[in-house]
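Engineer: Chains X and D, in that order, are what the protein sequence lines are. If you use full-length UniProt numbering, the first sequence corresponds to residues 1 to 318, in order. If you use full-length UniProt numbering, the second sequence corresponds to residues 1 to 447, in order.
A few of these clues could be false.
Residues from chain X shown here face chain D by an in silico Cβ test under 10 Å; the list is partial [claimed, not checked]: (1) Leu71; (2) Trp150; (3) Pro172.
Covered by chain X, according to a simulated footprint, are these stretches of chain D (three or more residues, beta-carbon under 8 Å) [as the list claims (entries may be wrong)]: (4) 273 to 282; (5) 418 to 428.
Listing some non-contacts, in silico: residues in chain D with all C-beta distances to chain X over 10 Å [stated by the list, open to error]: (6) Lys104; (7) Ile128; (8) Asp131; (9) Gly174; (10) Asp186; (11) Arg191; (12) Trp255; (13) Ala266; (14) Ser351; (15) Asp352; (16) Arg356; (17) Ala411; (18) Thr414; (19) Asn442.
Don't read these hints as lab results, they were simulated from the structure. Just so we're clear, the structure is a prediction, and the values are computed from it rather than from any experiment. Glycine included, every Cβ here is placed at the ideal spot set by N, Cα and C.
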Amino acid sequence: MTVASSSPPSPLPLRGAEGVTPRAGTRKARERGDGALAAVFIAPALLGFLVFLLWPTLRGIYLSFTRFNLLTPPEWVGLDNYDRLVHDPLFWDSLKVTVEYVVINIGVQTVSALAIAVLLQRLTQSAVLRGIVLTPYLMSNVVAGLVWLWILDNQLGIGNEILQSLGFDRIPFLADETWAIPTIALINVWRHVGYTALLLFAGLQAIPNDVYEAARVDGASEWRMFWRITMPLLRPVLAVVLIMTVIGSFQVFDTVAVTTAGGPANATNVLQYYIYGSAFGRFQFGYASAMSVALLVVLTAITVIQYRITRAGRTDLG
Amino acid sequence: MRLRTLTALAGALTLSLVTGCAAGEGTGASANTVTYWLWDANQLPAYQACAKGFEKENPGLKVKITQLGWSDYWTKLTAGFIAGTQPDVFTDHIQKFGQFADLKVLESLDDLGIKESAYQPGLAANWIGQDGHRYGTPKDWDTVALFYNQKMAKAAGLTAERLNSLSWNPEDGGTFEKAIAHLTVDKNGRRGDEPGFDRHNVKVYGLAGNGGGYGDGQTQWSMFTASAGWNYTDKARWGTKYQYDSKTFQSVITWYFGLAKKGYLAPLSDYNIQSNQANTQVASGKAAAAFDGAWMISTYHGFKGRDIRTALTPVGPTGRRATMMNGLADSITKGARNKEGARKWVAYLASDKCQRVVGTYGVVFPATPAGTKAATAAYEKQGIDVTAFTEPVADKKDFLTFSYPITNYAADVTALMTPRMEDIYGNGAPVSSLDQTNSQINRILSQ
Chain X
1 MTVASSSPPS PLPLRGAEGV TPRAGTRKAR ERGDGALAAV FIAPALLGFL VFLLWPTLRG
61 IYLSFTRFNL LTPPEWVGLD NYDRLVHDPL FWDSLKVTVE YVVINIGVQT VSALAIAVLL
121 QRLTQSAVLR GIVLTPYLMS NVVAGLVWLW ILDNQLGIGN EILQSLGFDR IPFLADETWA
181 IPTIALINVW RHVGYTALLL FAGLQAIPND VYEAARVDGA SEWRMFWRIT MPLLRPVLAV
241 VLIMTVIGSF QVFDTVAVTT AGGPANATNV LQYYIYGSAF GRFQFGYASA MSVALLVVLT
301 AITVIQYRIT RAGRTDLG
Chain D
1 MRLRTLTALA GALTLSLVTG CAAGEGTGAS ANTVTYWLWD ANQLPAYQAC AKGFEKENPG
61 LKVKITQLGW SDYWTKLTAG FIAGTQPDVF TDHIQKFGQF ADLKVLESLD DLGIKESAYQ
121 PGLAANWIGQ DGHRYGTPKD WDTVALFYNQ KMAKAAGLTA ERLNSLSWNP EDGGTFEKAI
181 AHLTVDKNGR RGDEPGFDRH NVKVYGLAGN GGGYGDGQTQ WSMFTASAGW NYTDKARWGT
241 KYQYDSKTFQ SVITWYFGLA KKGYLAPLSD YNIQSNQANT QVASGKAAAA FDGAWMISTY
301 HGFKGRDIRT ALTPVGPTGR RATMMNGLAD SITKGARNKE GARKWVAYLA SDKCQRVVGT
361 YGVVFPATPA GTKAATAAYE KQGIDVTAFT EPVADKKDFL TFSYPITNYA ADVTALMTPR
421 MEDIYGNGAP VSSLDQTNSQ INRILSQ
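Chain X on its own, in the form it takes in the complex (with noise of 0.2 Å):
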């Protein structure tokens, strides 16, 4: 305490190597430093960015080009794997359920995660709340899959005894062409939402309480400020929340894996399931890998257009 306040801030240090400024070499030093200690504790990511990322990634894209059972070496074929994709009515039937699947999980789940959000923000302070809203999130998707069939059996399943017994009619939630994307949809959702709701909630925390007390100074009611000053500085962040969410559905597999299987009669064989079925089924590791490809570029392509239209950013926060 006295050496430092004893010590007035000197603008000169004499170390220094002849012809540099002192100053500047000390920070190129410290920048050489610190180049070494960067590099070192960058090395475990990257190594793990180029061994699981990107190696399998371009491995991925050569074998798109290959016909491949994974036992024996891949064989070139070209283009064929693409050309089958486009003409396999099946692929674009599971991108179709996939869409389905992506539009109702995260309409839902957006909506409901942003009035969570703000609930939790304008009403309450409660951490307890806080937790119980991210309670479903700490449950393995392969857990809450399993237990929602066992809640959603047409035959045996509590909720169809409940609906029963108010008077309607069981609803073959997972067993029915029309019902079982929609319920692995919000089953879902119930899983993710809390989670989403969380990390909108952190947006709206960013927002300065200043902007709404001045509003409601104004006379503007919570609605109106929702609109016009919510939403607006929430945008960065709900597009991003947005950007996340709409890859991680695209990818859903766990549930359907342990729901469906992909049925009835192909009702919910979503993207990634077909991949995994003609890999690990077929062995057509080839096939797989090409629609692999395909995912990867409609996703770059959505999240591009995501970006720029939602302006992700770019805050409009003065």
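Got chain X sorted already, so can you dock chain D onto it with the hints?
Structural biologist: Same frame as chain X, now just chain D:
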């Protein structure tokens, strides 16, 4: 110093990532150990007992048995073939055999000197590949019969004798359909064959639903299609053409899934492979009867408060009863680490000595006649009558037994037939749609 410490820490983390990837071998393979996989938890104690006998006869050799559930089993086995972590020996299923033969992951077992006559008829021949080599040794067999709830049958006035003398045809369903209709009860207590029966509000289905049956219909429709004179393919083994476009097949399928429309067979929407298979429907009292395989005997007889009996499959238009007779086998993987030990273990598994031991546990019918006899005696001891399963094997005059279709591209056939049959069963799609699926399948087979 600080930097060096951090560098060392980060370096160690990176290294642990790299080595962590390679550390997960864990197959337990060694020169003295034979690794063996099976999927049926009920059979684990029987094979553990068998392994004990083997280890006694082969000092220094140990058998490490791993049991995995049916779905995990095949996923893990596939992953094992790819990663080189496959077991030395595994329980093989005929449905997967064609694919494994295509992938060339099985070791030839020609030198084990398996004699077909040493096993129940047809079991040994199924495991010979198209190249003429043997890839599996017969292990056990199963047939299909009708499990029924005795209390419900009694209430319907159906005796065991009556249920064992049923016949069917695709036109009016014969006495079999009449019995199933009579076992069906609606919400108001009316039976399926009584006037005013409400097929939309059924309390107890006469016959439980067990899904669309993929491409084989083992416990769904195969006993009907076979007793009507239909075969899956143009040849008994390694056929090159499927026959789902046959008018006979399609007429049987129309009649069978038509039972659901009449309210006698539980609809597809009541079935789920995870939560509500046929046995669950019988256990919960939602169905009075179900076709199921011999591997389910212990399960059905284990239902608390239910007296479950079994009856023969009905006589078909050919004048014979039919049931699929499926047999499992033991196969050695090409990448086995201990091939010598694996051969010894497989030879032991296929021997009368081991199969008799397995038989005494009363959980499965071993492939050798002596093993079968031991199993029948063990079931009898438990008070379980297994005649409905053993008679088709013993009486070849009145019974037709047939195998799973053995062809290449079995996984593709299943992938194409599963949604097709579900569409017919669940959505009422026309059976003529099978023509197109059949062409697709045959196109794949002709590649």
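Engineer: Work down the list of hints and note, for each, if the structure agrees.
Structural biologist: Hint check results:
1. Below 10 Å, beta-carbon pairs count as interface contacts, and Leu71/X has one with chain D at about 5 Å; its hint therefore holds.
2. With its C-beta approaching chain D no nearer than about 6 Å, Trp150/X sits inside the 10 Å limit, and its interface hint holds.
3. Annotation: Pro172/X was flagged as interfacial toward chain D, and the flag holds, the nearest CB pair being 3 Å apart, inside 10 Å.
4. A stretch counts as covered by a chain when three or more of its residues have a beta carbon under 8 Å from one of that chain; for the segment 273 to 282 of chain D and chain X the count is 6, and the coverage holds.
5. Counting residues of the segment 418 to 428 of chain D whose CB lies closer than 8 Å to any CB of chain X gives 7, which reaches the minimum of 3, so the coverage claim holds.
6. Chain X draws Lys104/D into its interface by the beta-carbon criterion, the shortest separation being 7 Å against a cut-off of 10 Å.
7. Every CB of chain X lies more than 10 Å from the CB of Ile128/D, the least distance being 21 Å, so the non-interface label holds.
8. No Cβ of chain X comes within 10 Å of the Cβ of Asp131/D; the nearest lies about 16 Å off, and the non-interface call holds.
9. Every beta carbon of chain X lies more than 10 Å from that of Gly174/D, the smallest distance being close to 28 Å; the non-interface claim holds.
10. Every CB of chain X is more than 10 Å from the CB of Asp186/D (nearest about 14 Å), matching its label as outside the interface.
11. Listed as a non-interface residue, Arg191/D keeps its Cβ farther than 10 Å from every Cβ of chain X; the least gap is roughly 20 Å.
12. Non-interface status of Trp255/D relative to chain X is upheld: no Cβ of that chain comes within 10 Å, the nearest being about 20 Å off.
13. A beta-carbon of chain X is positioned within 10 Å of the beta-carbon of Ala266/D; the least distance is around 8 Å.
14. The non-interface label for Ser351/D is consistent with chain X: the shortest C-beta to C-beta separation is roughly 31 Å, beyond 10 Å.
15. Every CB of chain X is more than 10 Å from the CB of Asp352/D (nearest about 35 Å), matching its label as outside the interface.
16. The non-interface label for Arg356/D is consistent with chain X: the shortest C-beta to C-beta separation is roughly 37 Å, beyond 10 Å.
17. Interface exclusion of Ala411/D from chain X breaks down, the closest Cβ pair being 5 Å apart, not more than 10 Å.
18. Thr414/D, annotated as away from the interface, has a beta carbon of chain X within 10 Å; the closest lies near 8 Å.
19. Against chain X, the non-interface label of Asn442/D holds: every CB pair exceeds 10 Å, the least being about 17 Å.
The structure is inconsistent with the numbered hints 6, 13, 17, 18, although it conforms to all the rest.
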